[in-house]
Amino acid sequence: MANQIKGKTKITIDYTRCGDGVDVDPRECRACLKVCKPAVFLLHETLGAVEENPYDPKKWRITALWLDLCTRCMKCVESCPAGAVAVTWKE
Amino acid sequence: MCDLCMKHGAGGKWYLNAEHYSNQIVEKYNLRDFLMEQYKNFEQISVRKVHGFNAVGMGYKLRIPIIGRIVKHTAEKMLHSTNPPTNPFKAEGHIGQVIPLEDAIAILETCAVEPIIEKNCMCRYMARGEKEACCINFGVMSEIIDKLPRFIPEKDKYFLTRKQAVERFREHNRKGYIGTIWFGPYPYINNLCSCANPECAGLRPRLDYGIKSIYKAEYIVHYHEDECNGCGACVKFCQFGAIELDRVRKKITINLDKCFGCGLCRHACKQNALHMAPRDETPGFEKDY
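Sequence order for the protein chains is A and B.
First residue of the first sequence? That's 1 in the numbering used here, and the numbers climb one at a time after it.
First residue of the second sequence? That's 92 in the numbering used here, and the numbers climb one at a time after it.
Source of the hints: derived by calculation from the structure; they are not laboratory data.
Here are the simulated DSSO-like cross-link-like pairs (lysine-lysine), alpha carbons at most 30 Å apart as the crow flies:
1. B/Lys266 with A/Lys37
2. A/Lys10 with B/Lys222
3. A/Lys8 with B/Lys152
4. A/Lys34 with B/Lys349
5. B/Lys181 with A/Lys8
6. A/Lys8 with B/Lys349
7. A/Lys37 with B/Lys246
8. A/Lys37 with B/Lys152
9. B/Lys140 with A/Lys34
10. B/Lys152 with A/Lys75
11. B/Lys327 with A/Lys6
12. A/Lys75 with A/Lys90
13. A/Lys75 with B/Lys222
14. A/Lys34 with B/Lys222
15. B/Lys140 with A/Lys10
16. B/Lys140 with A/Lys59
17. B/Lys181 with A/Lys59
18. A/Lys34 with B/Lys181
19. A/Lys75 with B/Lys140
20. B/Lys181 with A/Lys10
For each label pair, taking beta carbons as the anchor points, the in silico distance ranges come out as:
21. B/Val339 with A/Ala86: 40 to 48 Å
22. A/Ser79 with B/Lys98: 44 to 52 Å
23. B/Asp348 with A/Met74: 29 to 37 Å
Being a predicted model, the structure only gives us computed values, none of them experimental.
All C-beta atoms, glycine included, are put in the ideal place defined by N, C-alpha and C.
Sequences are here, hints too, so could you generate the full structure?
In structure tokens, the structure reads:
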């Protein structure tokens, strides 16, 4: 079972810097996906998008999915070239 | 025999029952449209709300007293469902089992319905953005994947003969990828995966949250201690953390509770100290699936 870290972790991704909010394709960069040891992030199409144009960067984004497995190592924050990831938590 | 075998195995292992692979099931439940819709939107499924819940921060929801138990129960009920599949955005009737190399070969040689294809793994793509061709699919899946370019391998071969499929699976298995077979959706078997932890979306609920999304294999490891020279090569191969190395005694210890019976540790052992034995003949672990 998952090792439980005290408190709740919150990971926010600023979609005005990465993903469908701007023309930054998260599939090209995926720096946060690569560095995350427990694979907390999910790369997905925005809800309702279908693959009519599979290369449309506006239709893809990254969501932090398995928040409780985050070890708070902050590597995603350091690795993001757009500075779009923020990790906060309450003790 | 696991629960699935008792119900669907026709006297043996459920995944060696050829009925579950037949194209008739596809026609009966109109699975062409269902699977098309499901795979078109595959990456979205975890963030899409079902009964007001999605998987975002699910670990925290599971920790809430009572509500956590309801969420777990609901998830298991959905995964184990044997009702005709209705909603392609839910992982309905999507239950699997770990299998060792031998059983996977038996499936590929006798049960799998042609055409056999190898597509990019969705889980590795969702979790890491990597396209790696290691999911072997059968039957109607080729019609569906044909229309979804992101799943079609660029470098590797797409259509496989039975022999090539066995070779590819053997390659993945020796590399240390866990063999798994899935209903998707029940009662149709179309996916033979080579999974990795923590990327695999099917192993994650079981390993991190204790939700039975996948059963342990029909086998369990048996260890001949006299043969072990304590090299520790198997420790890295076990993705379930069942093997530990005792550096002083120069022997390994195996936690059988954690053994899923994937048989990967055997590939690492040059001393031939690790063997697979039927789980239901291993005292204490007969019902541990």
